[in-house]
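Participant: Each chain, letter by letter, is given below.
2 protein chains.
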Amino acid sequence: MKRRPRAVVIGAGFSGMQAAQSLSKSGADVLLIDRNNYNTFVPLLYQVAAAQIEPELIAYPVRTILRGAPRSQFLRAEVQRVDFADQVIEADSRRIPYDYLVMATGSRTQYLGVSGAVENAFPLRTLEQAIALRHHILQRLEQASQTSDPVLRQQLLTFVIVGGGPTGVEMAGTLTELKKAVKKDYPTLDLREMRIVIVQSGDTLLNNLPSRLGRYTARKLSRLNVEVMLNMRVSQVSAQTVTFAEGSCLPTTTVVWAAGLKAAVPEAAIALEQTDKQKVKVRDTLQLIDYDNVYAIGDLAYVQQQGKPLTGVAPEALQQGVAIARNIRRQIKGKDPQPFSYFNKGRLAIIGSYGGVGKIGPVLLTGFLPWLMWLGVHLVYLPGFRSRLLVLLSWLHSYGLGDRAIRLILSPSPLQRSIPPPQVSSSQVSHPQIAKFQQHPTKTPLV
Amino acid sequence: MKRRPRAVVIGAGFSGMQAAQSLSKSGADVLLIDRNNYNTFVPLLYQVAAAQIEPELIAYPVRTILRGAPRSQFLRAEVQRVDFADQVIEADSRRIPYDYLVMATGSRTQYLGVSGAVENAFPLRTLEQAIALRHHILQRLEQASQTSDPVLRQQLLTFVIVGGGPTGVEMAGTLTELKKAVKKDYPTLDLREMRIVIVQSGDTLLNNLPSRLGRYTARKLSRLNVEVMLNMRVSQVSAQTVTFAEGSCLPTTTVVWAAGLKAAVPEAAIALEQTDKQKVKVRDTLQLIDYDNVYAIGDLAYVQQQGKPLTGVAPEALQQGVAIARNIRRQIKGKDPQPFSYFNKGRLAIIGSYGGVGKIGPVLLTGFLPWLMWLGVHLVYLPGFRSRLLVLLSWLHSYGLGDRAIRLILSPSPLQRSIPPPQVSSSQVSHPQIAKFQQHPTKTPLV
Chain V
19 MKRRPRAVVI GAGFSGMQAA QSLSKSGADV LLIDRNNYNT FVPLLYQVAA
69 AQIEPELIAY PVRTILRGAP RSQFLRAEVQ RVDFADQVIE ADSRRIPYDY
119 LVMATGSRTQ YLGVSGAVEN AFPLRTLEQA IALRHHILQR LEQASQTSDP
169 VLRQQLLTFV IVGGGPTGVE MAGTLTELKK AVKKDYPTLD LREMRIVIVQ
219 SGDTLLNNLP SRLGRYTARK LSRLNVEVML NMRVSQVSAQ TVTFAEGSCL
269 PTTTVVWAAG LKAAVPEAAI ALEQTDKQKV KVRDTLQLID YDNVYAIGDL
319 AYVQQQGKPL TGVAPEALQQ GVAIARNIRR QIKGKDPQPF SYFNKGRLAI
369 IGSYGGVGKI GPVLLTGFLP WLMWLGVHLV YLPGFRSRLL VLLSWLHSYG
419 LGDRAIRLIL SPSPLQRSIP PPQVSSSQVS HPQIAKFQQH PTKTPLV
Chain Y
19 MKRRPRAVVI GAGFSGMQAA QSLSKSGADV LLIDRNNYNT FVPLLYQVAA
69 AQIEPELIAY PVRTILRGAP RSQFLRAEVQ RVDFADQVIE ADSRRIPYDY
119 LVMATGSRTQ YLGVSGAVEN AFPLRTLEQA IALRHHILQR LEQASQTSDP
169 VLRQQLLTFV IVGGGPTGVE MAGTLTELKK AVKKDYPTLD LREMRIVIVQ
219 SGDTLLNNLP SRLGRYTARK LSRLNVEVML NMRVSQVSAQ TVTFAEGSCL
269 PTTTVVWAAG LKAAVPEAAI ALEQTDKQKV KVRDTLQLID YDNVYAIGDL
319 AYVQQQGKPL TGVAPEALQQ GVAIARNIRR QIKGKDPQPF SYFNKGRLAI
369 IGSYGGVGKI GPVLLTGFLP WLMWLGVHLV YLPGFRSRLL VLLSWLHSYG
419 LGDRAIRLIL SPSPLQRSIP PPQVSSSQVS HPQIAKFQQH PTKTPLV
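Residue numbers (the numbering used here), protein chains in the order written: chain V, 19 to 465; chain Y, 19 to 465.
Hints should not be assumed to be uniformly reliable.
Which copy is meant is left open, because identical chains are indistinguishable; a pair holds if it fits in one copy or across any two.
[Stated by the list, open to error] Below, computed lysine-lysine pairings styled on DSS-like, alpha-carbon distance capped at 30 Å: (1) LYS280 to LYS377; (2) LYS363 to LYS20; (3) LYS43 to LYS351; (4) LYS326 to LYS353; (5) LYS197 to LYS43; (6) LYS20 to LYS280; (7) LYS198 to LYS299; (8) LYS280 to LYS201; (9) LYS353 to LYS43; (10) LYS43 to LYS299; (11) LYS201 to LYS295; (12) LYS198 to LYS43; (13) LYS295 to LYS377; (14) LYS43 to LYS202; (15) LYS353 to LYS202; (16) LYS201 to LYS377.
Honestly, the hints are just simulated from the structure, not real lab data.
Just so we're clear, the structure is a prediction, and the values are computed from it rather than from any experiment.
Can you make the complete structure from the sequences, with help from the hints?
Facilitator: Structure below.
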């Protein structure tokens, strides 16, 4: 009997997950490797960071996804080395041979050389980062509610978002919504002091969409009292301030980094030919230039369509996962792989407060309809019936009541920045109401 | 105009939370202080640890609870000192005077002098501890699925619970249920190798209930393949083993500590007269022996009823919260406080797999009815409509399908023990299936 071919997929994001599922019907034994035992539904990360949904709802166990995929296995490990010549992977002191390899290691945050950004800004790419950001934001609110120093309070209540792409816009929008919930919990806090600033280096937001939609987004955010700063570059981030390239600065303890990303090329594969954002060059079949049996997909791969690079959205990754499974199936049968072609069903972006934008074919949409479509599409794609139902109920709760349910601050995780509230003296830290307690003059027992 | 009296409540557990809510209608200004900004619904902690419900669902924001309580405020701080003579509290470098003080600081884990327990056993008293235990358990399963060494696998799959009270029984029961979900995700793991052991120093489980119910519980757990060890004492806990007083030992990497607790007396108040489990002595009105305007309630207070000490369940704490608010209202009006009397509506304990026990008045219940009642009662008492609905749906999902939805392992928190998988050599760590990948003899490309 002929031995079944072995396919290894590295990375359980959108593209890797889809590749493993599709491959399991290809006649190959499939091994999926990831450092996490869950798949993160990245588009909803910002809602975790904004205390809107539970982190568990967008983290679906890889093993559960693979239940329905025969001949597939999961290995929780970190890949150290890929030996393309010998066709062997090294992962946590295991040597794993492969016939076919699918690299889907995704992307990581790119700090663009901005000094202090690595240490002080909050990226929003992983579940742990989203949780850390949530705790940080909630802690700023607690601290702001306890200080009577207006300067310090203003600094604690200033939230700066660097990057005007979808993540930046979503984060700015959701913070304006969070305000309403905060209002109910901190009745003594004057929320007109809460500043939300979005900084974009180019002259339009959402620059992967037509500029008309970018302009609409900027207007909508402005109406929600977000300060939209276009054509501005951040030059430095400290624990207390963000500094702009033209010299001005803004006191803030919260800088969300939604500015750039680069491909997360496995250390062992750095010899591969790389292009823009360190993405790996591939043929139009998604095979590596030099290796017929190795594919790169998702954010890792540099793929062009009609002369323009793909933008790194989930549908591209999913379609690539399906395509390489089909190509490997063809290779197993002795046929040639076929070029990948992305079918663009349209693009949607959510802004917040019942507003969004979208482009379906030639039609541009703004307002409530694309907002609702965004939520609908993401609900449908979210894996797991239980998660879907619970997220739906969470949305009905938060959008219906203008409330946020989750506001626990857990003890610091390793990812949480320990930014001390600046120059806080004992006398400063006193909420007007608590100050009343402190000035309590008499100590006569009433009984 | 007469100044309104000021009441300060330390601790936002069952008793403190209830005290603050009831006090806010007493005519006093109320300040509630806790180190966390949320109230933990402790009875469901074991379900968080067993990957059944999201931690956020049982952590309700204190500020949200206090929305409906006029004249009440919340301060997130750690209390360092109480000066009973001057009627001042020191919390995070603030001095806060009070007219009435309610101490509701609860209890903490008591390791009973067992060597290694502090470092190696997993307590289950706080949300962070429950999350840490969840990650630990899920990690053991991942590791067990990857090793081909039967001795190591047995050690990874042995879960020892120390303590046969409600928490210990709940934890043992839920682990037997978790097995079913694990079965689906790790089809290659032989779950007959999974050992769940509950160790009780006395001769009956649930010793606060009639012994007939304890015997039923032991039989039920045994039928679920839990090894019930009665009259056994643990003498030592290491990262690899648990050792018993009579000399035997058991290789395990997971010891859940559900054995003992003692009152969490604020450091400043240690001069107070203490009794059993370091609980603070109070009058029958719940006032401190020496201070008319200071109350101690909940797990902190030693309260007797008909010559027997109260057992530390939630209804006792809630009723005490109401009682001291009434007493303080009486004191404000110049009347004498009244003795507290606990009205016992009954006791319920959940075992698992649709079984529970209960005592309502003179009636003893076993089986499905008390199981269902336990869930119902806890659903009703869980704060927050959203949490209640989401927990209900989670239960329908997990009890209906025998599945567990949440299985993400996040990166280690400070609370998570970093227990290395013992003596793992590269050759040992190989799942039979992954071993097949490794033994792959030829490296001929198929294309």
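Participant: Please go over all the hints and tell whether each is borne out by the structure.
Facilitator: Hints, verified against the model:
1. In this assembly of identical chains, LYS280 and LYS377 lie within 30 Å of each other by CA distance solely inside one copy; the values are 26 Å within and 62 Å between copies.
2. Taking the shortest Cα distances, LYS363 and LYS20 never come within 30 Å of each other, neither inside one copy (41 Å) nor across copies (70 Å).
3. Proximity of LYS43 to LYS351 under the C-alpha cut-off of 30 Å is restricted to the intra-copy arrangement: shortest distance 14 Å within a copy versus 78 Å between copies.
4. Taking the shortest alpha-carbon separations for LYS326 and LYS353, only the intra-copy value of 28 Å comes in at or below 30 Å, while the best inter-copy value is 82 Å.
5. In this assembly of identical chains, LYS197 and LYS43 lie within 30 Å of each other by CA distance solely across copies; the values are 28 Å between and 48 Å within a copy.
6. With identical chains, the CA atoms of LYS20 and LYS280 are never at most 30 Å apart, being 41 Å at best within one copy and 66 Å at best between copies.
7. In this assembly of identical chains, LYS198 and LYS299 lie within 30 Å of each other by CA distance neither inside one copy nor across copies; the values are 46 Å within and 45 Å between.
8. Taking the shortest Cα distances, LYS280 and LYS201 never come within 30 Å of each other, neither inside one copy (38 Å) nor across copies (39 Å).
9. In this assembly of identical chains, the alpha carbons of LYS353 and LYS43 lie at most 30 Å apart only when taken from the same copy (17 Å versus 79 Å across copies).
10. With identical chains, the CA atoms of LYS43 and LYS299 are at most 30 Å apart within one copy only, with a shortest distance of 27 Å there and 69 Å across copies.
11. For the homomeric pair LYS201 and LYS295, neither the shortest alpha-carbon distance inside one copy (41 Å) nor that between copies (42 Å) is at most 30 Å.
12. Taking identical chains as interchangeable, the C-alpha atoms of LYS198 and LYS43 lie at most 30 Å apart only when they sit on different chains, with a minimum of 26 Å there against 49 Å within one chain.
13. Taking identical chains as interchangeable, the C-alpha atoms of LYS295 and LYS377 lie at most 30 Å apart only when both belong to the same chain, with a minimum of 26 Å there against 66 Å between chains.
14. Taking CA atoms no more than 30 Å apart as the test, LYS43 paired with LYS202 passes between copies only; the shortest distance there is 19 Å, against 52 Å inside one copy.
15. For the identical chains of this complex, LYS353 and LYS202 are neighbours neither inside a copy (64 Å) nor across copies (36 Å), given an alpha-carbon limit of 30 Å.
16. In this assembly of identical chains, the alpha carbons of LYS201 and LYS377 never lie at most 30 Å apart, being 35 Å within a copy and 45 Å across copies at closest.
The structure does not agree with the numbered hints 2, 6, 7, 8, 11, 15, 16 stated previously, though it agrees with the rest.
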